[in-house]
Each structure stands twice: as structure tokens, then as C-alpha cells.
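Take the sequences, apply the hints, and build the full model.
Residue numbers (our numbering), protein chains in the order written: chain A, 308 to 599; chain B, 121 to 459.
One thing to keep in mind: the hints can contain errors.
Cβ pair distances, simulated, as ranges [as the list claims (entries may be wrong)]:
(1) A:359 - B:309: 41 to 47 Å
(2) B:346 - A:387: 44 to 50 Å
(3) A:486 - B:455: 42 to 48 Å
(4) B:148 - A:421: 42 to 48 Å
(5) B:217 - A:524: 52 to 58 Å
(6) B:452 - A:369: 56 to 62 Å
(7) A:464 - B:445: 55 to 61 Å
(8) A:387 - B:277: 19 to 25 Å
(9) A:486 - B:310: 54 to 60 Å
(10) A:369 - B:421: 29 to 35 Å
(11) B:339 - A:464: 45 to 51 Å
(12) A:481 - B:277: 53 to 59 Å
Calculated directly from the structure, the hints in this document are not laboratory data. Glycine residues also receive a C-beta, built at the ideal position from the N, C-alpha and C atoms.
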Amino acid sequence: MELFTNQVLAGIATGAIYACMALAVVMIYQAIDHLNFAQGEMAMFSTFISWQLMQWGVSYWAAFVITLAFSFVAGIAIERILFKPLAKAPVLTNVAGFIALFAIINSSAGLIWDFTIKQYPTPFGSSPFLGSQLISTHQAGMIGVTVLLLLGLYFFFQYTRIGLAMRAAASVPESARLVGINTSWMIALGWGMATAIGSIAGMLIAPVVFLEPNMMGGVLIYGFAAAVLGGLSSPFGAVVGGFLVGVFENLAGTYIPGVGNELKLPIALALIISVLVVKPAGLFGRHIVKRV
Amino acid sequence: MSAAEEVVAEGHEAVEAVPKRAMTLGTGTSLVVLAALLIAPAFVKNFIIFQMTMLLIYGLAVLALNILTGGSGQFSLGQSAFYAVGAYTTAVLMEHANINYALTIPISAAVCFGFGYLFGKPALRLSGVYLALATFALATAMPQLLKLNFLEHWTGGVQGLVVTKPDAPFGLPMSQDMWLYYFTLVVTIAIYIFSVNLLRSRSGRAFMAIRDNEIAASSMGVNVALYKTLAFGVSAGITGVAGSLGAIAVQFVAPDSYTITLAISLFLGMVVGGVGWLPGSFVGAAFIIFVPNMAESISKGLSGAVFGVLLFLVIYLVPHGARQAAILGQQLAGKLKKN
Numbered sequence: 308m309e310l311f312t313n314q315v316l317a318g319i320a321t322g323a324i325y326a327c328m329a330l331a332v333v334m335i336y337q338a339i340d341h342l343n344f345a346q347g348e349m350a351m352f353s354t355f356i357s358w359q360l361m362q363w364g365v366s367y368w369a370a371f372v373i374t375l376a377f378s379f380v381a382g383i384a385i386e387r388i389l390f391k392p393l394a395k396a397p398v399l400t401n402v403a404g405f406i407a408l409f410a411i412i413n414s415s416a417g418l419i420w421d422f423t424i425k426q427y428p429t430p431f432g433s434s435p436f437l438g439s440q441l442i443s444t445h446q447a448g449m450i451g452v453t454v455l456l457l458l459g460l461y462f463f464f465q466y467t468r469i470g471l472a473m474r475a476a477a478s479v480p481e482s483a484r485l486v487g488i489n490t491s492w493m494i495a496l497g498w499g500m501a502t503a504i505g506s507i508a509g510m511l512i513a514p515v516v517f518l519e520p521n522m523m524g525g526v527l528i529y530g531f532a533a534a535v536l537g538g539l540s541s542p543f544g545a546v547v548g549g550f551l552v553g554v555f556e557n558l559a560g561t562y563i564p565g566v567g568n569e570l571k572l573p574i575a576l577a578l579i580i581s582v583l584v585v586k587p588a589g590l591f592g593r594h595i596v597k598r599v
Numbered sequence: 121m122s123a124a125e126e127v128v129a130e131g132h133e134a135v136e137a138v139p140k141r142a143m144t145l146g147t148g149t150s151l152v153v154l155a156a157l158l159i160a161p162a163f164v165k166n167f168i169i170f171q172m173t174m175l176l177i178y179g180l181a182v183l184a185l186n187i188l189t190g191g192s193g194q195f196s197l198g199q200s201a202f203y204a205v206g207a208y209t210t211a212v213l214m215e216h217a218n219i220n221y222a223l224t225i226p227i228s229a230a231v232c233f234g235f236g237y238l239f240g241k242p243a244l245r246l247s248g249v250y251l252a253l254a255t256f257a258l259a260t261a262m263p264q265l266l267k268l269n270f271l272e273h274w275t276g277g278v279q280g281l282v283v284t285k286p287d288a289p290f291g292l293p294m295s296q297d298m299w300l301y302y303f304t305l306v307v308t309i310a311i312y313i314f315s316v317n318l319l320r321s322r323s324g325r326a327f328m329a330i331r332d333n334e335i336a337a338s339s340m341g342v343n344v345a346l347y348k349t350l351a352f353g354v355s356a357g358i359t360g361v362a363g364s365l366g367a368i369a370v371q372f373v374a375p376d377s378y379t380i381t382l383a384i385s386l387f388l389g390m391v392v393g394g395v396g397w398l399p400g401s402f403v404g405a406a407f408i409i410f411v412p413n414m415a416e417s418i419s420k421g422l423s424g425a426v427f428g429v430l431l432f433l434v435i436y437l438v439p440h441g442a443r444q445a446a447i448l449g450q451q452l453a454g455k456l457k458k459n
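Below is the structure:
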């Protein structure tokens with residue numbers, strides 16, 4: 308029983324990271340209708356920036372804030388420079404663009420910071436949380452930050468003018484333009500926010516997976532899976548999907564014989580596909596009715 | 121939103137100026153290309169012949185994806201899995217059952233067709249990004265499945281299998297590489313002609329109707345489920361043939377040769393060649409074979425970045441791939457003729 312609780316709690320903690328990534332994926336998906344394959348690499352690059360700042364003697368939280376601001380601006384810049392010209396190109400061309408961006412960021416990070424594995428500090432400490440043996444303070448901190456982030460986003464989209472404008476631009480661009488919303492900048496804003504959210508995910512998971520240019524590969528796949536499982540049209544669903552994927556991954560690795568670490572990912576993906584075959588729009592997604 | 125839907129809906133003026141059904145080169149151009157492919161090996165070194173063979177093989181795999189995505193509008197990131205099944209079918213048949221390499225190719229086509237058809241069944245309910253994720257799962261699972269213990273006797277586990285390279289038959293005075301090149305060329309031409317005819321046939325029109333508007337197609341009496349799974353089957357079958365030829369050409373199969381990276385390369389090849397334009401598959405294959413090497417030679421440490429930048433350049437200049445370049449070239453030639 309203790310093993311079970313342990314695995315579930317550890318699953319929730321990693322699930323929090325998947326939830327962050329899924330949230331970032333959904334943010335961009337809402338804005339431009341594409342899955343951003345370079346999301347993980349963007350998060351990795353941001354994490355390296357914060358690490359570099361700390362190497363230069365900046366304190367953790369100062370580095371955290373600077374990195375957030377940097378990521379936000381960088382996200383907007385990437386959209387303006389690289390993807391705005393592709394807005395009218397076919398979907399698959401855009402996907403190729405994401406793959407190109409992935410290659411560029413991954414290779415540049417490798418050149419700047421090389422491929423050795425680096426330690427990354429945690430602001431929460433790694434002692435057991437509140438004296439319990441089940442979960443560490445870092446894991447608790449990961450869950451806490453994700454919950455805070457989610458609440459913040461909820462208030463932003465529900466109660467602020469700009470949040471409302473972004474939602475309008477994402478769901479009905481033509482009408483949004485008619486009421487004077489600059490939809491093109493709303494998309495850029497979505498990119499900025501998604502990049503910032505991704506950088507939070509990167510900085511939170513770096514102490515667990517260690518810092519290196521390929522650290523986000525696995526995380527991003529789980530993030531995609533979580534977003535798709537929860538429903539790409541629902542940020543809330545993405546977060547729930549993240550936690551579910553985290554817990555399931557851990558349980559499958561522990562209890563299904565012959566799975567182990569190697570087959571964890573395929574099994575998790577197979578489960579998600581089974582869910583999708585039953586509920587094609589994801590658990591919380593809206594089913595879009597099409598007309599001829 | 122199916123993947124290729126918008127390709128048609130959002131065509132730029134330059135592309136719209138030509139009939140959308142034009143999927144092939146003209147007869148004259150085709151014959152010139154064919155002649156070049158037939159004569160070229162006589163003038164180059166064995167290594168270049170090997171590279172040309174790989175070009176044809178990857179071209180076939182991209183062509184298969186093109187039939188699936190460009191033809192029926194379904195998007196797949198799992199082509200590497202079908203490629204692996206084809207390669208392993210050939211390797212296992214050749215090394216364990218001593219079957220002639222040429223005979224293994226139709227067998228692996230049939231095996232992969234079945235595999236793809238069965239995979240297409242559950243995938244019927246998925247489209248767009250959801251299908252991409254499902255096929256992605258297939259691609260990530262495949263190397264792990266090939267490493268499984270109880271298959272190790274057949275697949276050679278992590279170590280893989282070594283495949284014997286066939287000699288030229290009937291005592292033809294040819295090197296192994298050159299014979300394999302001509303063998304691959306014959307298979308490629310056969311499959312290319314088959315694909316062109318398939319897309320022009322009743323089934324092909326059904327594919328395209330589904331791609332353009334699934335609901336409209338079904339209300340016109342197209343059996344959507346049948347044709348979608350059929351497209352998956354045919355695509356997998358052709359990818360399997362490419363895999364078989366690849367195994368013979370490289371003389372080696374191992375689980376880690378067939379990772380998601382291969383699937384992504386094939387996808388990039390399709391985009392660079394032009395979605396739905398069959399000759400573009402081979403242009404795309406050239407891109408994914410030669411550009412990474414070129415990037416490596418420009419800068420070792422930054423080869424990924426150089427590759428990314430080159431890819432960006434291509435999609436900025438011609439968002440519709442080589443097809444657009446070909447159309448622009450044609451228009452230019454037309455203008456020059458008038459003057």
C-alpha cells in the first residue's frame with residue numbers, strides 16, 4: 308500500500324510538470340491551431356538562461372523572474388519573425404517550421420552550453436515534505452506552483468479585458484477583428500505566454516531530470532499526450548490530463564509486469580489512444596460539429 | 121481539421137493557376153528523368169550509386185506517406201514503424217528462412233499492408249493532431265517492441281541482424297551496388313506507376329473526396345471507413361517495400377535505425393517535395409538525405425541549426441514545396457516562349 312501511495316504521489320508531482328507543458332501546448336494551440344513541436348526546446352533554452360544567470364551570481368528568484376520576462380519576449384519575437392510569415396502557408400508547412408525551430412534551438416544550446424549534464428538547484432529544498440516520507444518538498448513545490456499558475460491563468464482569461472480579447476481572437480477571429488481586437492498581436496501574446504509557462508515547467512523539472520539540451524524530449528511528449536487526453540480546447544482539461552498521465556505512467560511502470568522504464572512511454576500513449584478512440588475530442592474537449 | 125484539407129483550401133495564386141489534379145510530371149520530362157536515372161550509374165563511383173539507391177528507397181517511403189496525406193488527407197508520424205516492419209520481414213526471411221531477397225519484397229508488402237490496414241481501423245475515429253499522436257505512439261513503441269526478449273531469437277534483439285547483399289544474377293558483369301541500384305529502380309518505377317494509376321482510379325478519387333470534405337464524400341456514397349483504412353494499408357505496404365529495399369541496401373537491421381527521427385525525416389521530405397505531388401517525393405528524399413550532410417560539412421557543432429535554417433529558407437521561399445518551384449518554373453518557361 309505504501310508503494311502504491313508513493314507511486315501515486317510521485318506521479319502527481321511529475322504530472323504537475325506535464326500539466327505545465329500541456330498548458331503551454333494548449334495556449335499555442337488555441338492561438339494558432341497548431342501543436343508546437345519546439346515547445347520543449349524553448350523551455351529547455353529558457354532553463355539554461357536561468358542557470359547561466361545563477362552561475363553569474365544572480366539569486367534563484369531574481370533569475371526566475373528575469374527568465375520569465377526573457378521567455379515572454381522571446382516567444383513574441385519568434386512568432387513575429389519566424390511564424391507570422393507562415394500564417395497563410397499550409398498546416399504541414401507550419402509543422403515543418405516547428406521541427407526546424409526545434410533543430411535550431413537544440414543545436415545552439417548544445418554549442419553554447421555543451422551536452423554535459425548539469426545540476427540545477429531547487430528553491431524548495433529536497434527534504435521530506437512536512438515530515439512525511441511520501442513526497443519531497445520539491446515535489447510539493449512543483450504541485451503548488453502549477454496550481455497557482457492555473458489559478459492565475461483562470462483569473463486572467465475570465466476577468467481581464469486582454470484575457471477576454473485573447474479568447475475572442477482564438478475562437479472567432481473574424482468577429483474579434485470587427486470589434487477592434489488586434490488578432491495578430493493576440494496570437495503573438497499567446498506565444499509569449501506559452502513560452503513563459505513552458506519556461507516555468509522547465510525550471511521546475513530541471514532539478515529532477517538534470518539540465519542538458521535533450522532534457523525536455525520526454526517531457527514534451529507527455530505534455531502533448533496530456534493536452535490531447537484532456538482535450539486541446541480546454542486548458543483545465545490539459546492540467547487534469549497532465550496529472551492523469553503522470554500517475555498512470557508511474558503505476559504502469561510499477562505494476563504491469565514486463566513494462567519497466569523502457570515500455571512506459573508506449574504503454575502510456577497506448578492508453579491515451581484507447582481513451583481517444585472512445586472520446587475523440589479528449590476528456591474535456593468540446594466536440595466541434597462540422598457542416599458541409 | 122484534417123491535415124491536408126487546408127492545403128487545398130488555402131492555395132496561393134501561383135499554385136491555383138494550374139489544375140490541382142496534376143500529380144505527375146509531363147511525359148517528356150518523365151522520360152528525360154528516367155533516361156538520366158538509367159545512364160547515371162555508369163559514370164559515378166560505387167558510393168554515389170549507393171546514395172542514389174538510398175534516394176530511391178527514401179523516395180518510395182515519402183511517396184507512401186504522400187499517398188496517405190496528400191491523397192486521403194490523413195497525417196502520419198508513424199511511417200518509421202511500417203518501414204521497420206518491412207525491413208525486419210526481409211531480414212528475418214532472408215537470414216532465417218533463406219528466402220531469395222526478391223521474393224521477400226512482395227511478402228513484406230503484404231505483411232505491411234495488413235499491418236497498416238489493421239492500424240487504420242482504430243485510427244478511423246481520429247483525425248488531425250489526434251491521428252498524429254496515435255501514429256507517433258506507434259513509432260515510439262516500435263524500436264522497444266523489436267528489442268523484446270521473446271522476439272530476440274528472430275530479430276537479434278538490440279544487436280539486430282546482418283543481411284547478405286545479393287550478387288547480380290545471370291552472371292551479369294555488375295558490381296553488387298550497381299545491380300541493387302537497377303533492382304531498386306525497377307521496383308520504384310513499378311510502384312510509381314501503380315501509385316499514379318491508383319490516385320487516378322475510382323479509389324484515388326474517393327481518397328481525394330475524403331481529403332477535401334469527409335462529410336460531403338460520405339453523403340455522396342463514398343465508403344469513408346473502407347477508403348481511409350485502405351489508404352493506410354497501401355501506404356504501409358509501400359513503406360514496407362522501401363524498408364525491405366533499405367535493409368538489403370544497408371545490409372543491416374537494428375531497432376535503433378527505425379526511431380521517430382526517421383518518421384520525422386520522411387514527413388519533412390513530403391513537405392519539401394510538395395504534399396500531394398508524387399514526383400516531389402524524390403526531391404524531398406534528396407533533401408532529407410543530402411541536406412543534413414551538407415549542414416554537417418558547413419559546421420560540425422551547429423549542423424542541427426544549419427539544417428533548421430535551410431529548412432526555414434525552403435518553406436519561406438516555397439511554402440508548397442518543390443511542386444510550387446516546378447509550377448513557377450513552368451510559368452517562367454511559358455513566358456519566355458511567348459517573347
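What hints, given by number in increasing order, does this structure fail?
1, 4, 5, 7, 8 and 11
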